[in-house]
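Novice: Residues per chain are reported as follows:
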Amino acid sequence: MYGTSQLWVAGRWGRAFADNVSSNWWSLKASRTDPGLARSVNFMSAWEAGAALAGVIGMDEIVAEFIRRTILKIPVAEIGKILRIWNFIPESQLKTINLKQCKENVSQDVVELCKKKRASMKEAAILDIIYHQTCQIKKIWTVYKMTKAPGEEVDLSDMEEFKDSFKKVLQRALKNVHISFRDSEDTAVWIRIAWGTPYMKPNQYKTTYMVYHSQTPFVFISHCRIKKYIPELWQALMTAGNYHKIQQMELRSLYLDSLKAIVFKQYNQDFQTYCLTSLEEENSEVEIVDPRIIHENMKEKERIQRVTRETFGDYVQPRIEFAQYKLETKFKTDPKNGILAEREEPFRCLVKFSSPHLLEALKSLAPAGIADAPLSSLLTCIPHKAMNYFTIREK
Amino acid sequence: MASSQKHVFSLTGVLYQLERLEAHDQRSARPQDGHQGPQDSETDLEAKILKLRKLRDELRTKVKLHEAGARIPIANLEPYEPLKNSEENLKMKLEKAKAFFQAFHLTGLSGKLTTKGVCICFNTAFEGNILDSYYVDLIIKKPLQIHRHSVPVFIPLEQIAAKYLETNFQHFVYSLSEHLNGYSGRKYQADQLQCGFSAFLARPLQRNSLCTLLSFTYTMDPSGESFPFCARLVYQDLTTTLPTDVTITYQGTGATPASWENQRAVHETLFYKNALHKVFESFLRVRENFDCVSSVP
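Protein chains in written order, with the numbering used here: chain A, 1 to 395; chain B, 396 to 692.
For reference, chain B alone in the conformation it holds in the complex (with noise of 0.2 Å):
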C-alpha cells in the first residue's frame, strides 16, 4: 500500500483517526521477515496489556491524590472567603475587562493594535450626550499612513494628516478628535433645533454638511402676528460649537418696531454665548410664562 496517501479528511476528525488506523493495520498486516509465530506474538501482546494495566492504575492515584489534595486547602481558608473555581474567575475576569472598555470607550479616544497597525477610534459627545464614533485604521510603516476610515470626506483629513501624521502624532489624534467632536456637536445642536422646535420655524432649518453655516426664520409667537426673525448663523473655526458670527435680520418690508430691535439684539447674544437648542429652550420657558401670565384674570 503506498504510504503517502493524501489526506482527505480533516487532521483532527474523526475520519481521520480511522484512515490512520486503516493505515496502521496495512503495515501490520504485511508479512515479515524471519518472525516469530503467531503464539509468540500472544505473549508479547499479554506482556504489554499487563504493562498498559500498571500504568492506567498509577495514572489513576495520581488522580485521585490529585483531587483529594486540592480539597485539602479548604479548612485552611478564611470563613467567609467564597470558592472560586476556574469558570468564576473567568466570569469576573470577563466582567472588568468589559467595564475597562467602557471606561475607554467614554474617555473619546481608543484603539486597539492590529495585525498590521493600531485602529483609533473616535467616540465623540456634547453636552454629556454620547454621538456617533469614527474609525481610523493605521498601517505602522516608514511612511506611517491610513489604510482605512470611516470620517465623512467634508472633514479634512487629508490636511490633517498631511500637518501633523508624519511629525507630530499625538497632535495628529488631538486635532481630529477636536474637528470631529466639533462637527458631531454642531449636527447635534441643529438637529434637536429640527426636530425639538420645529414649531418656532417658520421655514425650515438649511444647513451645509459640516454644518457651518445655518440658517432659518424663527418667530417668538406661535400665531406668527410678530416679526419673524431671519437668522444667519456661521461657524468659522471647524473645532467650536458656538458660532463665530450672528446676524439676525428681517426679511419682509416695512419699519420694524422698537421692541423688535431690542429683542433682536438680546437674541444675538444669546446666539453666542450658548448652544442653539438651549436658546430656544429658554424662548420656550419665555412663551410658557407669558401664556400662565395672560391666562392669570
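One chain only, chain A, in its complex shape (with noise of 0.2 Å):
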C-alpha cells in the first residue's frame, strides 16, 4: 500500500488518496466524502499521510491494518497461543481459524473477526504487549536506575496508583500519547508507550517499551528513534515511584532476561559454602584408558579449571552479546624505538568484545589454553559491575 506513489485509503465513508509529489512529501488530493476537504497538506512519511487520511475515513482501518501487521510479524507456531492470551476473540471463533494457510491469509481472518467485534486501538495495543513479551524481539535494552532521596524507606507501592500516576504525569505533559500497561508474571508491569504531536494521532509502529518491577530502583526501556520526549518520560517515572533521581546504566543487551538477572542478581553466582553437592562433584575422576599414558600438564589444567571455577561458577552465565572498553589512557610504549614514543597527544583505543554469548566465551577461554588464568578482572567483573561498556581513565 505504501510502495507506490499514490495513497488509497478505503474505510466506511468513502475514499481519499494523496500523491508522492517527492520523496518525502504527501499532499492530501481529495475526498470523496467532503471534496471540499481537498487542501494540500504537506506530510513527512507516508504513514502520517495514511493517519491523517484515516482520520478523514474513519479509525478502524488504522487499528486493523495494525492488527494485520502484527499478525503478520509472529512466528505461525506461536499465532494460536498469543490469540488466547490476548483473549479478545472467543475461543469458538478461534478455532474457525486455519493456521496452515498461508500467514497473509491467517492475518486477514484475525483481521475479520476482529472487526466483528469492533476492536479499538487499546486493544491492539496488548496484542502488541504481548506479542514483544512472548517472542524474542530484535530490540536493544538499556537499563535506567533511580534513587530516592536520601531518608525515604521502602514504600509500599500499589502498582495500580503507579499506573495511574505515571498515565496522568505523562498525558499532562505530552498530547497525543498512547499509554497501554499489562502486567507480566513476576511482578513487572509493561509499559508501552506510542509517541504522537499535538496535531497527530500517536504513530503506533514508533513505540517506546519500558519494564518496571515493583520496588525496585530499575527501569529496562527499549527505546524507539523517538528521543525528544526522554525527559518527559523519566519525569513521569519518577513522579509515579516516587524516586529523585534517574541515571543511565552502562548496560545494554539485547536479552531482557539476562539483563534481569545480572541487575537482580538472580545469575548463579559462585559463592564459597560448605554446599554438599559440591564436595561429591570434586570426586569425580578422569578416566584413563592406559595406565601408562599419564597427562604431563595434569596440575596446570587442574590449575586452570580450579580459577575459572571460582571466578565464573559452574552455571551458565547471563547472556549478553558486546562490552565495550573505551581506554582514555596514554598508549605506553618503548620509549627509544616505535613510532608514537615522540606523541604528545595520548592515542585513544576503543575495544570491543562481541559474541554470541560473551560470558560463556570469556568463561572458556582459559581452559581453551587462549588466554591465561585468571583472566583480568575487567571482563570478569562484568556481571558483578553489572556494566558492558566500561571508560579507564588514568589512574
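Misleading hints may appear alongside valid ones.
What the hints assert, rightly or not - Straight-line distance between alpha carbons at most 20 Å, and here's what the computed EDC-like set of lysine to aspartate or glutamate pairs gives: (1) 443(B) <-> 158(A); (2) 299(A) <-> 414(B); (3) 148(A) <-> 553(B); (4) 148(A) <-> 158(A); (5) 145(A) <-> 553(B); (6) 265(A) <-> 532(B); (7) 385(A) <-> 532(B); (8) 582(B) <-> 186(A); (9) 582(B) <-> 310(A); (10) 245(A) <-> 532(B); (11) 511(B) <-> 158(A); (12) 265(A) <-> 553(B).
Keep in mind the hints are simulated off the structure, nothing from the lab.
Grab the two chains, each in its own frame, and use the hints to assemble them into the complex.
Specialist: Set out below in C-alpha cells:
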C-alpha cells in the first residue's frame, strides 16, 4: 500500500488519495465524501499521510492494518498461543481460523474477526505488548537506575497507583500519547508508549517499551527512534515511583532476561560455602584408558579449571552480546623505538568484544588454552558490576 | 652445552625427568682434567653398585619389620573392634563432616572463611519448609565492606548495612536474617495461594516484589453465586509473615446481606492471625464439610 506513488485508503465512509509529490512529501488530494476537504497539506512520511487520511475516513482501517501487520510479524507457531492470551476473540471463533494456510490469509481472517467485535486501538496495543512479551524481539534494552532522596524508607508501592500516576503525569506533559499497561507474571509491569505530536495521532509503529518491577530502582527501556520526549518520560517515572533521580547504567543488551538476571543478581554466582553437592562433584575422576599414559600438564589443567570455576561458577552465565572498553589512557610504548613514542597527545583506543554469548565465551578462554587464568578483572567483573560499557582512565 | 636451558616441560612430568637425565649425561660426557682411566671408573662404579645394593637390602628388611610390627596389635584388640585402615577412617570423617554441614544448613545461618574475609549463608525457612538461600560475601578490613551478595535488590540491604555493619555486626546479621526470612515466608504464602487455591480466586493474585501488598478476590461458593470478597493485605513490617492491615470489601453495587458481613468479620480475624494458605485450607475444609452435609439425604 505504501510502495506506490499514490496512496489510496478505503474505508467505510469513502475514499481519499494522496500523491507522492517527492520522496518526502505527500499531498492530500481529494476526498470523495467531502470534496471541499481537498487541501494540500504536506506530510513527512507515508505513515503520517495515512494517519491523516484515516482521520478523514475512520479509525477502523488504521487499527485493522496495525493488527494485520502485528499478526504477520508473529511466527506461525506462536499465533494461536498469543491470540489465546489476548483473549479478545472468543475460543469458538478462534477455532475457525485455519493456521495452516499462508500467513497473509491467517492475518486477514483474524482482522475480519476483530472487525466484527469492533476492536479499538486499546486492544490492539495489548496484542502488541503480548507479542513483545512472548517472542524474542531484537531490540536493545537499556537499564536505568533511579535513586530515592536520602532518608526515605521503602514504601508499599501499589502498582495501580503507580500506573495511574504515571499516565496522568505523562499525559499532562504531552498531548497525544497512547499509553498501555500489561502486568506480567513476575510482579513487573510492561508499559507501551506510542508517541504523537499535538497535531498528529500517536504513531503506533514507533513505540517505546518499558519494563518496571515494583519496589526496585531499575527500569528497562527499549527506545524507539523518537528520542525527544525522554525527559518527560523520566519525570513521569520518577513522580509515579516516588524517586528523586534517574541515571542511565552502562549496561545494554538484546536479552531482557539476562539484564534482569545481572541487575537483580539472580544468576548463579559462585559463593564459597560448604555446599554438599560441590563436595561430591570433586570426587569424579578422569578416566584413564591405559595406565601407562600420564597427562603431562595435568596439574596446570586442574589449576586452570579451579580458577575458572572460582571466577565464573558452575552454571550458565547471563547472555550479553558485547562489551566495550573506551581507553582514555596514554598508549605506553618503548620510549627508544616505536613510531608513537614521540606523540604528545594520548592515543585513544576503543576495544569492543562481541559474541553471540560473550560471558560463556570468556569462561571458555582459559580452559581452551587461549588466555592465561585468571583472566583480567576487567573482563570478569561484567556481571558483578552490572556494566558492559567501560571507560578506563589514567590512574 | 648451556646450562641455563629453559624448562619447556612441566616440573613434575616424565619429559622433565628425561631432560634432566639428558643434561646430566651431557655434563658427564665432557672431558675431565687429570682423570683416571676407564678401568678405574669401572671399579668406582662397581663399589657404588655394591653400596646401593646393601642400602636396598637394609630398607627392605626395615619395611618388612614395619609391616610385621603393624600386625602385632591385632592380638591385643577387643574382639568386637573392627580393623580400621586409613581409607575407612577417611570415609567416616567425611560422613561426619557432611552431617555437620547439614546441621549448619538447618540452623539458617552459616559461614565459611574465604581468602579475604567470610561468606555468610542465610538459609530461610517458613513453618518447617526450607526455602531459598542467600549469600553475603564480606571482606575483612577497616571498614568492613560487602564484596558481593545474592540478596534481592528490594531488600533494604544498604540501609541495614549502613546502620549496623560497622557498629554491631551481630545485629547486622540478625536483622538481615529477619528481613530475608520475612520475605521468604510471605512469598511462600503467596505462591501457595496462587498455585494451591486458585479455584477460590475470581481474579489472579496481585502482589508487589516484596510481597508486602497482596490483593485478591475470592468466593466461598465455587459456582460463583455468593458475593465475592475483595481482600487487601498489607504487611507494614518487613520482618513479619502476618499482615498488619487487612481490609475486606465488596466491589460490586448493591447491598450485601448480613450473612456476608458476618463472614467478612470472621475472615478478617482469620487473616490477621493465620498464614494465608492455612486460612484457605480451613475454607476448603468448610466447603468439603458443607458438601458432605448437603449430599446426605
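Novice: Would you pick out the hints that fail for this structure and give their numbers low to high?
Specialist: 1, 9, 10, 11
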